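Residue numbers for the sequence shown, in the working numbering: 165 to 687.
None of these hints come from the bench; they were simulated from the model.
Errors might be hidden in some of the hints.
[As the list claims (entries may be wrong)] List of simulated lysine-lysine pairs, DSS-like, C-alpha gap at most 25 Å:
id : residue 1 : residue 2
1  : K572      : K507
2  : K458      : K445
3  : K668      : K445
4  : K283      : K331
5  : K661      : K445
6  : K539      : K507
7  : K458      : K418
8  : K572      : K527
9  : K527      : K539
10 : K539      : K572
11 : K527      : K507
12 : K345      : K331
13 : K649      : K661
14 : K527      : K649
15 : K445      : K507
16 : K649      : K572
[Stated by the list, open to error] Have a look at the derived ranges for each label pair, beta carbon to beta carbon:
id : residue 1 : residue 2 : range
17 : Q219      : A334      : 35 to 41 Å
18 : P547      : P593      : 15 to 21 Å
19 : A551      : Q256      : 38 to 44 Å
Nothing here was measured: the structure is a model prediction, and the numbers come from that model.
Note that the Cβ used here is the ideal one computed from N, Cα and C, for glycine as well.
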Amino acid sequence: MEIGAPGAPLGTIVFPTSGTPAAQRDFLRGVAWLHSFGYEDAIEAFRAAQRREPQFAMAYWGEAMCFNQPLWFHEDVSQGRAALGRLGPTPQARAAKAPTRRERMYLSAVESLYGEGDKRLRYQAYSNAMASIVSEFPADEEAQAFHALSLLALLPRGDAALPLREKAGAIAEGVFRRNAKHPGAAHYILHAYDHRTLAPRALTAARMYATIAPAASHALHMPAHTFLQLGYWDEAAATDQASWDASVAWAARKGLSTASRDFHSLTWLHYEAIQQGRFAKASEALRLVEDAMKVVTPAGQPGGHHYADSEIGRVSGPLALRNDRGSMRARSVIESERWGDMKGQSSFDNIDELFALGMSAAKLGDLARAESAIKLCREAAAPAQEAGLREQAAIMATELEALVAFAKGRHAEAFEAMDRATGLQARMPQPIGRPYPVKGADELYGELLLEAGRAREAIVWFERALARTPNRSRAVLGLARARAKAGDTAGSVRAYKQFLANWKQADPGLPEIRQARAVIGRK
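Build the full structure now, drawing on both the sequences and the hints.
Here you go:
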């Protein structure tokens, strides 16, 4: 059955239950929203089904599912248990209201999700329960889709996750082959294959998902995960622009605050626009975050908007917006190489902006300020800090040490530091989404080698950068320059042509475009 309103579909799903026809319609709408992580709308739909049929067990199952968002690393166990508690006081009482074995198995699965034990144990128990439903009801596409999602919730860090990613992806692909409009199948394929080596497998789903469920802003964003992994900047920027616009319209329609807009998509759009050479567009995205910071305040404090207007916590509060602003500022300066924009700046929103301050200072010859940034990055890399932050901060501090040594003319010392930085980065998981650190160590190594007149060695590092982050425009440009310096005219022209393809919508008058056209024009 196709779900959604005319012009705003949510996909096609088949999920028979014991509910009345009226309650079933609301239930199916809730499931469709659930597959596209439209949790607020899903809650509304499941509660509408409950009002139509107060003893409809699966409507309570659906609402409880909404309070677990494993791929957003968020859950509200108390809310999930409360939703189930409205059906009955105990698991046994609730199971008695499910008239079929299949529905009782779904209820039992969500009971395990909100049962006792730590998160990992509960998530594993839930995944096992979904696998049991698939085993007993092999034609149940919904069980297969939710089983795939349950596996994604169990992914270990880094490349150790590849076997489980492939297993989840294969399950979702099976559903997708049978139902090419299934929102969960397309969605979970994109998450499963959100890895540099697997992303090509997701391309068909990426190009279809936004048409399957265009009513869901998250469905419009998700294709960008695949497009970014592959360096397809035009498609990535277009889908994130659509996602942002849809979230603005959704928040207005719901009467929700600025905080309910999808700033996640906006920050991705900022990065993608930069890869296109659209720095004015990136600045526009940054201004939207800065404007939001003026009106978004913590709940309970005076101000224009509060951010606690979502039952599931899907909002951007002041701290999240400040972090977004810091990272966006950092990327804007580093990617444009407008080092003077941060001249004399001392305040920063996060580690990314601190690094950009240090890099700008080193490029401008303000080595005392750059060394101060190194000290602060080293503090962020201390053992007491969160693991991901420690890794990034250690790389950034080492990169800054290399930049300072290079500025002092101590090239051997600089390259020793870059050997350490690239070694640290090699131990990090492959990037998902915008890459971190904000200046990749391999790309920076290539730039320093090129500046030192060691073009052939620079080529190696730019190629490594592009293996990690395909088609990144600065790395493509660096490769073109290095090949030209090394005497590889044909290779240089190929890279410059790729760079110009990336920047075909770029702001007018950028010197990089003039350089690329001049080289190509001479050949």
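We went through each hint and held it up to the structure:
Proposed proximity of K572 and K507 is supported: the alpha carbons are some 19 Å apart, at most 25 Å. For a cut-off of 25 Å, the pair hint linking K458 to K445 stands: about 21 Å separates their Cα positions. For the hint linking K668 to K445, the alpha-carbon distance of about 14 Å falls within 25 Å, and the restraint holds. Note on K283 and K331: the hinted pairing holds, with a Cα-Cα distance of about 21 Å set against a maximum of 25 Å.
At roughly 23 Å between alpha-carbon atoms, K661 and K445 fall within 25 Å of each other, so this suggested pair holds. Using a Cα cut-off of 25 Å, the hinted pair K539 and K507 holds, with the two alpha carbons roughly 19 Å apart. With a C-alpha separation of about 21 Å, the suggested pair K458 and K418 falls inside the 25 Å cut-off, and the hint holds. Between the alpha carbons of K572 and K527 the distance comes to roughly 11 Å, so the proposed pair stays at or under 25 Å and holds.
Taking the CA atoms of K527 and K539, the gap is near 17 Å; set against the 25 Å cutoff, the hint holds. Using a Cα cut-off of 25 Å, the hinted pair K539 and K572 holds, with the two alpha carbons roughly 18 Å apart. Taken as a hint, the K527 and K507 pair is honoured in the structure, with Cα atoms around 10 Å apart against an allowance of 25 Å. A C-alpha spacing of about 21 Å is found between K345 and K331, which places the hinted pair at or below 25 Å, so the restraint holds.
Distance restraint check for K649 and K661: the Cα-Cα separation of roughly 17 Å lies within the 25 Å cut-off, and the hinted pair is therefore satisfied. Restraint check for K527 and K649: the C-alpha separation of about 22 Å stays at or below 25 Å, so the hint holds. Proximity of K445 to K507 is assessed by CA-CA distance (about 23 Å); at most 25 Å being required, the pair is judged to hold. Using a Cα cut-off of 25 Å, the hinted pair K649 and K572 holds, with the two alpha carbons roughly 24 Å apart.
Here the CB-CB span from Q219 to A334 is close to 37 Å, well matched to the stated 35 to 41 Å. Judged by the Cβ atoms, the range 15 to 21 Å given for P547 and P593 holds: they are separated by roughly 20 Å. Range check, A551 to Q256: about 41 Å between beta-carbon atoms, so the 38 to 44 Å window is met.
Checked against the numbered hints listed earlier, the structure breaks none of them; every hint is satisfied.
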